[in-house]
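Each residue of the sequence shown is one higher than the last, beginning at 3 in this note's numbering.
A couple of the hints might just be wrong.
[To be verified] The list that follows gives simulated cross-link-like pairs (lysine-lysine, DSS-like), each with its CA atoms no further than 30 Å apart:
#1 240 <-> 333
#2 240 <-> 359
#3 558 <-> 542
#4 333 <-> 359
#5 651 <-> 240
#6 647 <-> 333
#7 651 <-> 333
#8 240 <-> 647
[What the hints assert, rightly or not] Label-pair ranges, simulated between beta-carbon atoms:
#9 366 <-> 26: 18 to 28 Å
#10 68 <-> 366: 43 to 53 Å
#11 394 <-> 573: 26 to 36 Å
#12 378 <-> 227: 24 to 34 Å
#13 378 <-> 650: 29 to 39 Å
#14 644 <-> 483: 49 to 59 Å
Honestly, the hints are just simulated from the structure, not real lab data. All figures in this text were calculated on a predicted structure; none of them were measured in a lab. Quick reminder that beta carbons are idealized off the backbone N, C-alpha and C, glycines included.
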Amino acid sequence: MSTRRMTVAQAVVEFLGRQYAVDSVGGEDYRERLIPGMFGIFGHGNVAGVGQALKQWQVKDPTLMPYYQGRNEQAQAHQAVGYARHNRRRATFAISTSIGPGSSNLLTGAALSTANRLPVLLLPSDTFATRAADPVLQQLERPEAYDITVNDAFRPLSKYFDRVSRPEQLFSALHHGLRVLTDPAETGAVTISLPQDVQAEVFDVPEEFLAERDWRIRRPEPEEQDTRRAVEMIRAAKRPLIVAGGGVLYAFANEQLAELAELTGIPVAYTQAGVGVLPWDAPYCLGAIGSTGTTAANALAREADLVIGVGTRYEDFTTASRTAFQNPDVKFVNINVAPIDAYKHGTSLPVVADARKALVKLTAALSGYRVGADLEQLAAAEKERWNRTVDEAFDTRHTPLPSQNEIIGAVNRAMDARDVVICAAGSLPGDLHKMWRVRDPFGYHVEYAYSCMGYEIPGGLGVKRAAVDEADRAAEGTAEAQPRDVVVMVGDGSYLMMHTELVTAVAEGIKLITVLIQNHGYASIGALSEALGSQRFGTKYRTLDRKHHTFDDGEKLPIDLATNAESLGVRVIRVEPGENVIADLEAAVAKAKAEPEGSGPVLIHVESDPLIDAPDSESWWDVPVSGASELESTQGAYRTYSEHKSRQKPLLG
3 MSTRRMTVAQ AVVEFLGRQY AVDSVGGEDY RERLIPGMFG IFGHGNVAGV
53 GQALKQWQVK DPTLMPYYQG RNEQAQAHQA VGYARHNRRR ATFAISTSIG
103 PGSSNLLTGA ALSTANRLPV LLLPSDTFAT RAADPVLQQL ERPEAYDITV
153 NDAFRPLSKY FDRVSRPEQL FSALHHGLRV LTDPAETGAV TISLPQDVQA
203 EVFDVPEEFL AERDWRIRRP EPEEQDTRRA VEMIRAAKRP LIVAGGGVLY
253 AFANEQLAEL AELTGIPVAY TQAGVGVLPW DAPYCLGAIG STGTTAANAL
303 AREADLVIGV GTRYEDFTTA SRTAFQNPDV KFVNINVAPI DAYKHGTSLP
353 VVADARKALV KLTAALSGYR VGADLEQLAA AEKERWNRTV DEAFDTRHTP
403 LPSQNEIIGA VNRAMDARDV VICAAGSLPG DLHKMWRVRD PFGYHVEYAY
453 SCMGYEIPGG LGVKRAAVDE ADRAAEGTAE AQPRDVVVMV GDGSYLMMHT
503 ELVTAVAEGI KLITVLIQNH GYASIGALSE ALGSQRFGTK YRTLDRKHHT
553 FDDGEKLPID LATNAESLGV RVIRVEPGEN VIADLEAAVA KAKAEPEGSG
603 PVLIHVESDP LIDAPDSESW WDVPVSGASE LESTQGAYRT YSEHKSRQKP
653 LLG
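Produce the entire structure from the sequences given, and follow the hints as far as they go.
If you want it as C-alpha cells, here you go:
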C-alpha cells in the first residue's frame, strides 16, 4: 500500500478537499464538493496544525481547501449553516478553532446546526493528548475526571462526536463524520476534536485515504403498504390538509407537491422551514400554519379530519402547542425521511421515505380523486380573507414611524422573485412567516428551529456565498449568471448580538443587503411580556433608573447603529421617519440591489413603531404564565392562558 508521510492536520485538509456529495433527483445527476472551504480563527491550539496545513495548500494549490476569515467562531458556524441550507444540505463548510474559548464559542453554532438538521463540520482544537504541557493555557481542569475537556460539551449538541487522540484514529473519525454529514435523517453538527499536539504529529497516510471519494445522499422509497394505506385514508377523508415542512425543499419536491395539490384539491399549509414549497398565490396554498400562521391555514386545520405531514417535525409553533387540530376524529399521515418525525405525536400512519418519492407515488395512486367542492370553496374564501388582511397591514400608513408590517411589505415589493430574505429571531420571524409573499423555492430562509439572535447577518452571508456558487455553476459554458440578492432583515436586538461578520463581507467584497429595523429594544419579547402580564419588563433599551433599579422608564439609549455599521466599512442608507418613509425604504432597497456584485455590503437603517402588532393568527403559543401573582396584569393573563390550555391535546394523532 502506497503511503505518504504527513501531519494529522495536513491529512485532514487534503482529505476534506477531495470529498464529493453525489445526488440524483428526477433524473438529474449532481456531484459537487462536499466541503468547498474552511473557516478558521487561529490560536495556539491550531495555528501550527490546521493553520500550517491550510497555508501549505494555499501555496501549493489554493483551490483544494480555500481558507476564509471570520470574526467570531459562532458566526462562522452560522455561515456554514446558511450555506448548507441554500445548497439543500449537499455542501457545507468546515470550521477550525483554537482550544478553550475558541472551541466553546462554537457551542451555540453546534446546537443551531443540529436543531435545524443542517450539516456543519466542526474541528475544535483540544488540549495536549500526551499531557506533556499540563495544564496548558485555557485548559479546563476537573479534578474528578481529568480526561474531560471543554470539547466534551459538544457531545449532546452534535449528531456525531469523536476525539482523535492518536493519528490512526483519524481515518474512522472522518469517515463516520462525513457519513453523518450526508445522511438526510441524521445530519447536524459533526464535531471532531483535534488535540493540538496530535494535529502536528507525523504518520503514514495511505494514498487511498487521500483519493477522491463520493458520498451519495440517501433518498429511500416509501413502502408499498404504507402508500396503499395513505391513499385509503386520503380517499376516506372529508377535510384533508397537507402540512408541508422543510423536508419538501430538501427533497426538491416542491413541484411534486404542487402537482398533488392541483390533482386532488387538497389545500396546503406550510411550516416556517417550509416557506417556499408553493408560491404564496398558488390556488391551493393557504400559507403559514400554527402560532405564526395565517387565519386561512388555521381555520382549515381546526376542522381537518386528516393531516398529511410532509417533511415536518411538528414543532410547537406548527401545532400551535397542540391546539391547532381540534377535530376529535383527526388522523395523521406523517411522511418523513427521519423516523423520529414520521412517528412523532402518536401518528396514525408513519411513512419513512423521501418526500419527493412519496409524493410521486401518492399522486399516481390518487388519480381520479378530488376533495369535495365545499372544501375547495372554504379554502378559497379563507385565503381571500387573509389576503385582504395582509393588504391592509401592508398598506396602512403610520407616521412618523412605520409599523413592522409596512416595512415587511415595502421590502417584499422591492425584492425580485429570486431574491432571498433572511431572518432568525424576534418578532420578525413570526410576521414574515404569516405575511411574506414568497415566489421562489429558495426565496425564504428564516432560522426558526433554534431562533438564534445574531444568526441573521452571518447566516445571510452563508446564503450569499451559496448564491454566488449557484450562479457560477449555472454560468458554466453559458453567459454569466447573476447571483440572487440576499436581504437580511434584523432588529436592533439581534444586530447588537452579532454584527461583526459585516467586516467579513467588507473584506471579501460580498454584496449582502441588511435592513436594520431600529425599535430601541426587544420588540418580540416585549409584546410577549405584555401579553403574559409582565408589562414589557426588561425589554427596552433605556438608561438605568438607579433609584428604582429599572430600565423601563429611562431615556432611550443614544446609540447610532447606522454610524456603527459605517465604522465597520459598510455603506449605509438612512431612511428617515416621516410621511414618505415607506416609499423611501422601497427606493433604498432598489438602490442597494442596483449595486454591482463584489462591491461589498449595504445596510439600510429604518426606525419602526414596535407597539403596532401584526395581524392576529387566531392561534396560540404555550408560554406558561405565573399561577400566582400580585400583579393584576398577570392574573388576567393567567385566566386567558387557562382557557387556551383547556384545548391542548396530549397527542396530535
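Here is how each hint holds up against the structure:
no. : hint                    : verdict
1   : 240 <-> 333             : holds (12 Å)
2   : 240 <-> 359             : holds (25 Å)
3   : 558 <-> 542             : holds (8 Å)
4   : 333 <-> 359             : holds (22 Å)
5   : 651 <-> 240             : holds (22 Å)
6   : 647 <-> 333             : holds (21 Å)
7   : 651 <-> 333             : holds (13 Å)
8   : 240 <-> 647             : holds (28 Å)
9   : 366 <-> 26: 18 to 28 Å  : holds (20 Å)
10  : 68 <-> 366: 43 to 53 Å  : holds (45 Å)
11  : 394 <-> 573: 26 to 36 Å : holds (34 Å)
12  : 378 <-> 227: 24 to 34 Å : holds (30 Å)
13  : 378 <-> 650: 29 to 39 Å : holds (30 Å)
14  : 644 <-> 483: 49 to 59 Å : holds (56 Å)
Violation of the numbered hints given earlier is absent; every hint is satisfied by the structure.
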